[in-house]
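Novice: Dock chains S, F, W and Y with the ligands against chain V, hints included.
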Amino acid sequence: MLRIKKLTKRFGDNVAVNAATLDVDKPCMIGIIGRSGAGKSTLLRMINRLTDASAGEILFQDRDVTQLKGRDKRAWQADCAMIFQQFNLVPRMDVVSNVLHGTLNRHSTLATMFNLFPMDEVHRAIDILDRLGIAEHAPKRAEALSGGQQQRVAIARALMQDPKIILADEPIASLDPMNAQVVMQALRRIHEEDGRTVVANLHTLDTARRYCDRVVGMRDGRIVFDGLPEQLTTGVAREIYGADASFSEEATSTEIDTLDATQKALMEAEATI
Amino acid sequence: MLRIKKLTKRFGDNVAVNAATLDVDKPCMIGIIGRSGAGKSTLLRMINRLTDASAGEILFQDRDVTQLKGRDKRAWQADCAMIFQQFNLVPRMDVVSNVLHGTLNRHSTLATMFNLFPMDEVHRAIDILDRLGIAEHAPKRAEALSGGQQQRVAIARALMQDPKIILADEPIASLDPMNAQVVMQALRRIHEEDGRTVVANLHTLDTARRYCDRVVGMRDGRIVFDGLPEQLTTGVAREIYGADASFSEEATSTEIDTLDATQKALMEAEATI
Amino acid sequence: DEISEFRIGILGGENAQDRLNNNECLREYTEKALGVETKLFAPADYDGVIQGLLGGTIDMAWLGASGYAKTYLSDPEAVEPVLVKVNTDGGYGYYSIGFARKDSGITSLDDMKGKTFGFGDPNSTSGYLIPSIEIPAATGATMESGDYFGDVKFTGGHEQTIVAVNNGDVDGGVTWADGLGDWEDGFQSGALRRAVDAGLVDMNDMVMIWQSEPIPEGPVVIRKSLPTEVKAKMTKLWDNLSEKDRECFYGVAAGEAKSFDPITHDAYEIIIEARKLKSN
Amino acid sequence: MTDLSAGTPGVDQIKADYSEMTRRKRVYGGILLIVFVALMAAGFRTADDRNAGSFVDGWHRIFDYPTEVLSEAWEKIGALPENLVTFFPALVETLNIAAASTLIGTIAGTFLALMSTRGMAMWPALIPLFRRIADICRAIPEIVIALVLIFVLGGGPVPAMIAIAIHTAGALGKLFSEVNENASLKPVEGLHSVGANWSQRMYLGVIPQVGPNYVSYALLRFEINIRASAILGFVGAGGLGYELRNSMSWGQGRYDQAAAIFLLLFVTIVVVDQLSGLLRDRLTHGFEKGARA
Amino acid sequence: MSTFATDLSIDELKAEADRLFSRKRLVNFGMPALMLAYLAYVFFAFDVAGLAGRANWENGKTLVADSYSYKTHVARDNRNGEVSVSIEGERKGTYPDGQAPDWVALGATTVIDLEDGHVVRFGPETVEYDIPGYGTVRATPTRSAGVQPELPAGEVPDWINVSKNRMAITTDAGRLTVTRNRSEVFRYFTGWELFWFTLDSPYYGKSPSQLAGLAASGEAGSILNDFWTNKMWRHQDVAWAIFETILMAFLGTLGAGMIALSMAFLATRNFNPLKSVRFLTRRVFDFVRGVDALIWTVVLARAFGPGPLTGALAILVTDTGTFGKIFSEALENVDQKQIEGVQSTGANAPQRYRFGMIPQVTPVLLSQLLYFLESNTRSATVIGAITGGGIGLLLTQAIITQKDWEEVAYYIILIILMVMLMDWFSGWLRRRLIQGETSPKRKRAKVAQAV
Ligand SMILES: Nc1ncnc2c1ncn2[C@@H]1O[C@H](COP(=O)(O)OP(=O)(O)OP(=O)(O)O)[C@@H](O)[C@H]1O
Ligand SMILES: Nc1ncnc2c1ncn2[C@@H]1O[C@H](COP(=O)(O)OP(=O)(O)OP(=O)(O)O)[C@@H](O)[C@H]1O
Ligand SMILES: [Mg+2]
Ligand SMILES: [Mg+2]
Ligand SMILES: O=P([O-])([O-])[O-]
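Residue numbers (this note's numbering), protein chains in the order written: chain V, 345 to 617; chain S, 345 to 617; chain F, 1356 to 1635; chain W, 38 to 330; chain Y, 2 to 452.
These are computed hints drawn from the structure, not numbers from a lab.
Even glycine gets a Cβ: it sits at the ideal position worked out from N, Cα and C.
The reader is advised that the hints may include incorrect statements.
[What the hints assert, rightly or not] Listed below are the simulated SDA-like cross-link pairs for lysine to any residue, each with C-alpha atoms no more than 20 Å apart in a straight line: (1) W:62 - Y:360; (2) W:62 - V:457; (3) S:484 - Y:12; (4) Y:62 - F:1560; (5) Y:232 - F:1609; (6) Y:232 - Y:341; (7) W:62 - Y:359; (8) Y:338 - V:407; (9) F:1394 - W:92; (10) S:417 - W:159; (11) Y:232 - F:1380; (12) S:417 - W:101; (13) V:417 - Y:341; (14) S:417 - W:156; (15) Y:62 - Y:191; (16) S:417 - W:161.
[As the list claims (entries may be wrong)] Selected chain F positions facing chain W (Cβ under 8 Å, derived; list incomplete): (17) 1518; (18) 1519; (19) 1634.
Chain V on its own, in the form it takes in the complex:
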C-alpha cells in the first residue's frame, strides 16, 4: 500500500530525514517515536507533500507520490489527511466550517470563495463531529474550544477528507493527559472501525505501546527501529533516544495511571525553575 524508499530531506547541510525506508502493506496504526529533531515531522510532511523530498520515493498503491504536481498533488493531499500538534484550525471560523475545509479539494474555487458548501456535506460534517462527541459545539468558533476539542475538530476535518491515510504529527503533545487519552482513543477507533491507516508521531513510548500496532523509531533522520510494540525494550528506547543509563522511560510519560509520583513532581519542579 504505502512504500517509502530511501526518502531523504536536506535543509542546507542538515539532513533532516536520511534515506528512510518503510513498507506498510495493510492498514494499521503506526507510531513514530524519536526525540526532538529526529525528523519525525519532516517525514510526515513529505508524505503529505507539504514539504518536498530531496531524494527517494513515496509510493502509494504503486504511484510515486513525490512526483505529483498541481491538481494531482492536491488530490493526493486530500487522500492523505494530516493532523497537527497545534491543530492548525482556522480559529475564527466555526467548527463545522473548519470540518468542511476537508472537502475543499472536491469543490470549485468559486463556490468555496463564497463559503457555499452543499447542505448534505454540512450534515455529514455534523455527523462526524457527533461520532467524535463534539457535535454540540458545531456552531461555535474553533478558538472557543478547549485543546482536546480542537484536536477532535482537526480529526473531524481529516475524516471529512475521507482519506486513505491519516497522518498525525504529535497530535497529543499540546494536550493534557485526559484530553490526550480521548484524542488517541478517537484515532484508534477510526483505525479500527474504518480500517484506515494511521501514522502518528508520538513523543512518549507508552502511548505508542498502548495504541499502535507497529512502532517506528527515528534518530538523527534515520529509521533505527521498526517493529512491534512489545519489541520496544528499554534498551531499544535508550538507543532511539540516545540516552545514557540514567534514562528512565517514565520521564516521557503522560499516561494518567503510570505516573511515578515523586519522579513527576521532581520533573515539574525542574520545569518551573
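Specialist: Leaving out everything else, chains S, F, W and Y with the ligands in the frame of chain V:
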C-alpha cells in the same frame, strides 16, 4: 501586640470577613487556612490597610490601625510587610531596586525619582539577599528569576522594611514543591532568628502544621478554629474546609513526599481541562 | 458644443456661507439664462478659485487684478476678462492702505524701519503685489526681511492683517479701501470698514502710514473655451444686473457700486508686468 | 467543559439549527454587501455632484499641476541648493514645533492616562472626568485650537505648538491608558503594601512596565506631529507650511521654492518615519527579549 | 536557571551595585535635564516671553464673551435720520421697518434703554448718553465740523475715546459710537439669538409649547422649514457641511482600504516573490503617505476643482499609502499554521488564501479601517478648511472673518460632537463586526500601534 476585634469586611451583600477576632500577644508564626473564598486574603489585606475594613478594629500596640490616614497609614504599611502569592515585584527592574522599594516610605518622592537611595541601604539590601541565598542575582531583572527566587526577593523587600509583622498571602501557592519548601523555610527562619511575627495564609494543611506555631482556620469569613497545629485533626479540617467524609487531606498537599500520585494527576487533569 | 452645468467661483474675504447667500440670486439668474444647472463655489483662498479656472472646473469668477494676472501668466488661453465693477463715482480703482497702531508712535513708512511689516494674501493686489513694488520705491530698499523692515510676513488675508496690526503682532500692514469717506469709519468700503462694522477695531486707535496709487479693480473673468453664446449671455447678465435687480447687484458687488461695465485684457497689462517682476 | 454534559440536543436538532444559522448568515452577508456597495456608489455620486469638476473629466488632468511645478523647478534647478538653505530655518521651526508639542503632549498624556486608568488613578471617582477630557482634547482638530489661539496670541509657532500639544495629550492619553490597562497591577499593589505614596507607585510600579510602549507611541506621534505642524503653517502658524503655502499660492514664478520646501518636508518626514520605525522596532523587540530572558 | 554559585563575593557584588546605581542616577538626572534644556531652548527660540507680552487678552475675552452672547445694533444714519435695529448688525437680522425690541422707543427722538440707568437718546441733532455716576455725554455730529462732544467736566476716562471725527464710549451696559455719518449703540445679551427662527419668521419668539401647539395644528412642516432655512444660522448648510465632511472621510477611507488591499499583496513577501516589484510598491506607499493629504488636496484641486470629491480623493491617496503599509505588514505576519492546515487538505491557492488567510487578516484590516474612519473625519475637517468645503471651511472662514464667535463656538461644538460620534460609531462597528475577539485589549493596542 496585635489584636483584631470583630473585624468585618463587606463587599456589597457579600461578607468576606465576618467579625474576626484574633489576639497575638507574643511574636509567633501563624498560619491561616481555609478554602478559597474563606476571607484569608481579605483579612491580611485589611491588616496591611490595602483594603479598608467595614467594621471592627485592628490594634497594634494599642493603636487602632484601621483609623490611620495618609502618611500615618503609609508608615503603618511600612511596619507591616506583605508578601503576595504572585510576588508583586516590579518585573522590569533589577533585584536590588526591588528590595530597596521596601524603604520607599522613608524617602521622598523626588529622591526615589532620581534613585537617590543611600549607599548603605543598597549594601544592606545585598546583605539581605545574601541571607536569603540569592545575592548573586542582585543586578538581574526580577522577571529573569524563577518563581522561588522572585518570592525570596519579595521576602527580602519585606525584610528591608524592617517590619514588626510580616504578612504572607499564600506565599507558596504559585511555587512548585521544591521552591515552596525553600520559601517556607526562609519565612520560618526569619521568624525564629529575628523574632518577627509572621502571619501566612496557606492553602495546605500540612504546610501549616509543619511550619506554624499556631493555626487559624477560616470558613465563610469567620474564624472557626484557632489553636495549635496538633489540635488540627482531620475532623476539624473537614469542618474548616466544609468537606464531607470523602475529604482527603492529601488532596490539598504540596509537600513533596506526601503526594498520592493518582489523586494529584487527576487534580491536575481537572485543572487544565 | 453644449454645456451641462455652469460653475461660478467666489473669492474669499467674507464668510463662505455669506458669500454663497449673497450670490444666490446670481445663480438663479444664470440658471434661467443658460438653462443648465448652476453651482457656486467658495474656496478658502484666492488660489482655490484660480486653480479652478485653470483646471476648467470653474467657468466664471470675479478675480482680483493680481489673481487675473496669475491666471493669465499660467495659461493665457484659460480665461478672458469681460467686466469690471465701477464705483459710484464712476471710477474703477481702489487703494492699498498702509496702517499702524496710533500708540506705537508710527506715523509713516520711515518710522517702520526695522519693524515688522505684514502683507496679506500673496495673490492679493492691494495686500501684496502693489505695495511690494511701490513701498520699495518709496523706501529705496527691498522688501526682504532685515533689509529695510525688520521682518516681513504674510498674514494670509486682509482680515488677518488688520487683526495682526491691532494685536501688535506686526507693527504695520497693508490692506484695501476705496479711499472714499472718513478714516474714522474705516472709509466707505474695504477691509477696514468691515472690521470697524464688526466692532473689531476702533479706527481712532489706528493711523494711516501709506497709500498707494489707484489700483484697477479686478475683472470678472470667464473661461475662454466656453461656447461664444454662453459667454455672451453671461456677460450680458452681469452687465445688466445693476439695472435688473439692485438688491442682487448689491450682494454680488459686495456693497454700493454703480454697475459692472465691460473691460478688456489691456487694462491689466500693467499689473501683469508688475507680477512678472515679482516672480523670480 | 467536558462533553459529558447531560441533555445535549440531538444531532438532527444540531443540523437543523446549523443549517438555519448558515442560511441566516448568508442572507445577512448578502444584505451587508449590497448596503455597502450602495453606500459607496451613492456617496461617490453625491461627492462627484457637489464637486466643481467631475471625476470623469478630471482624472486625466491629475498630473497637470505636478507637471507645472516640476517643470519650473527643473528649469531653475540651479537655485535648488540656495532655496534649500533659505528654507532650512523654517524646517527647524517646524521640527521644533513638533518636538516640543510631542514632549509636552506626552507628559500631559501620561498624566491623563494615569488619572483615567482603573487601579492607578489618584482619584478613582474622577476617572470618567479625565477620560472625557482626553476624548475632547482628541476630538478637536488641531486647526481649530490653532486658529483660535492665533486670534489671541498672534501668528507664530506657539499657537501651533499648544494646539498640537493639546491634541497629542488627548490622543496619547487614550493610547497610554490602554497600555496601562494591560499593565499588571501587582507591582503597584506590592509597592502600596510597603507604604509607597501615589507618585512612587506610579513612577516605580507602572512607568517601568509601560515605558517602552509609551516611548514607541510618542515617537509615532512625533511623526504625525511633524505633518500637523506643517499643516498648521498653512493657516499662519509659521514654519515650513507657511513658506510652502506662500510659494504655492503665488504659483508660477515661485514653484521652484515650493518644490524645494516640499522636498525638505518630504525628506524630513521619510527620514523621521524610518528612524522612529527602527527605534520603535528596537524598543518592542528589546522588550520581548527582556521578557524572555 | 537554578542557583549555581558565581565567583563574586558579597563585597564585589556591593561594588557592582554601587556602579549600577551611579549609572542609574546619571540616567535619572540626565533625561529630565535634557528635556528641560530642550524646553528652555524652545522657550527662547519661540520667544514665549515676548509672546506673552504681545498676547491680546482682550481678544480672548471678546472671543469668549461673544461665543455665548450676541449684540443688538441700534444705528442712526446721521445723513437722513433713519434708525434701524438689527441683531449682530446684519441685514438678515434687521427688524422690519418701524419695529424694534421693547427697550428701543422709536420716534423723533429714539430712546434706547440700556438698563441700570443707562439711557441713550438719538435726537434730531444731538446724541445723548446718560451714564450713572458720571453724567450725561452729548455729541453733535455734523458733516462740516465733525463730532462735537460735550463731556462732564474733569479728566476723560479711558473708556471714552474721543477724536475730532469720532467718539466711542464703552460701558458695561453697552457701547456707543458716534461718527459724522452714523451713530450706533450696541447692547449685549446672553444667548444665541435667532438660533431657531429669524425675525421674519412668524415663529420668532414663540415658546416651545406654543410651537408644539402650532405643530399639532398642522404647521409642523412650515415650522421645520423656517428653522431649516434660518438665514442667520443656516442649519441646512451646516448640516450639509457636516455631511460633506463625513462623506469625504467615508469615501476616502473605504476607497483607500479597497485599493490598498489589492496593492498590499504586491508588497508582501509571501505573495509576491519579485523583490523589485515589492520594493517599488513599498516606495509608492511611502511616497503617497509622506506627501500629506493637504498637499494632495492642493495638487488634485487643479484637476477636480473645489469640493468634497477632491477632499475624498486626497484622503484616499494618502491613506492608500498608510493602509498599504499596515495591510502588507498584516499579510506578512499571518499565522502560517492555519494556511498549512488548509493546505494539507489539498486546497488550491485561492482556497488557501480564502480560508487560511482572510479570516486572520479581516479583523486587523477592519479595525484599522474603522479607526481611520474616525481620524479621517478630523483630517476631512482640515482639508475642507483649505479647499474642499464642509464644516472645516465654514469654521475657518468664521474664524478668519472674526466676528461671529458664536458661530465659531457652534461649529466647534458640532465638530467635536461629530468626531466623538464617529469615534463611538467606529468603535461600535468594530465590536459588532469583529465579535468574539479573544483579547480585545491586545488587538486594540495593535491597532493603536499602527496609527
Ligand atoms: N523548514 C526547515 N528549515 C530548516 N531546517 C528544518 C526545517 N524543518 C525542520 N528542520 C530541521 O530538520 C530536523 C528535523 O526536524 P523535525 O521537525 O522533522 O524533527 P521532529 O522529530 O519532528 O522534532 P520535534 O519533536 O521537535 O517536532 C531538525 O534538525 C530541524 O531543525
Ligand atoms: N475586591 C473585591 N470585591 C468584591 N468581592 C471580593 C473582593 N475581594 C474579595 N471578595 C470576595 O470576598 C470573599 C473572600 O475573598 P478572599 O480573597 O479573602 O478569600 P481567600 O480566602 O483569600 O480565597 P483564595 O484562597 O481564593 O485566595 C470572596 O467571596 C470574594 O469573592
Ligand atoms: Mg515535529
Ligand atoms: Mg486569597
Ligand atoms: O486683490 P485684492 O482684491 O486683494 O486687492
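Novice: A separate judgement is required for each hint: does it hold in the structure or not?
Specialist: Hints, verified against the model:
A distance of roughly 15 Å separates the Cα atoms of residue 62 (chain W) and residue 360 (chain Y); the hinted pair therefore holds under the 20 Å criterion. Distance hint between residue 62 (chain W) and residue 457 (chain V) is fulfilled; the C-alpha atoms sit about 15 Å from each other, no more than 20 Å. With a C-alpha separation of about 17 Å, the suggested pair residue 484 (chain S) and residue 12 (chain Y) falls inside the 20 Å cut-off, and the hint holds. A hinted pair counts as satisfied when its Cα atoms are at most 20 Å apart, and residue 62 (chain Y) with residue 1560 (chain F) qualifies at roughly 19 Å.
With a CA separation close to 18 Å, the supplied pair residue 232 (chain Y) and residue 1609 (chain F) stays within the 20 Å bound. Between residue 232 (chain Y) and residue 341 (chain Y) the CA atoms are separated by roughly 65 Å; this puts the pair beyond 20 Å, and the hint is violated. Between residue 62 (chain W) and residue 359 (chain Y), the direct Cα distance comes to roughly 17 Å. Compliance with the 20 Å bound is thereby established for this hinted pair. The suggested pairing of residue 338 (chain Y) with residue 407 (chain V) is violated, with an alpha-carbon distance near 29 Å, which exceeds 20 Å.
At roughly 16 Å between alpha-carbon atoms, residue 1394 (chain F) and residue 92 (chain W) fall within 20 Å of each other, so this suggested pair holds. For the proposed pair residue 417 (chain S) and residue 159 (chain W), the alpha carbon gap of about 16 Å is at most 20 Å, so the pair holds. For the hint pairing residue 232 (chain Y) with residue 1380 (chain F), the CA-to-CA distance comes to about 14 Å; that is within 20 Å, so the pair holds. For the hint linking residue 417 (chain S) to residue 101 (chain W), the alpha-carbon distance of about 73 Å lies beyond 20 Å, and the restraint is violated.
Distance check on the hinted pair: residue 417 (chain V) and residue 341 (chain Y) sit about 15 Å apart at the alpha-carbon level, within 20 Å; holds. The hinted pair formed by residue 417 (chain S) and residue 156 (chain W) meets the criterion: a straight-line CA distance of about 19 Å does not exceed 20 Å. Our distance criterion of 20 Å between C-alpha atoms is met by residue 62 (chain Y) and residue 191 (chain Y), whose separation comes to about 14 Å. Simply put, residue 417 (chain S) and residue 161 (chain W) have alpha-carbon atoms about 19 Å apart, close enough for the 20 Å limit, and the pair holds.
Hint on residue 1518 (chain F) holds. Least Cβ distance to chain W is approximately 7 Å, under the 8 Å limit. Taken as an interface hint, residue 1519 (chain F) checks out: its beta carbon lies about 6 Å from the nearest beta carbon of chain W, inside 8 Å. Nearest Cβ of chain W to the Cβ of residue 1634 (chain F): about 2 Å, under the 8 Å cut. The hint holds.
The structure shown violates the earlier hints numbered 6, 8 and 12.
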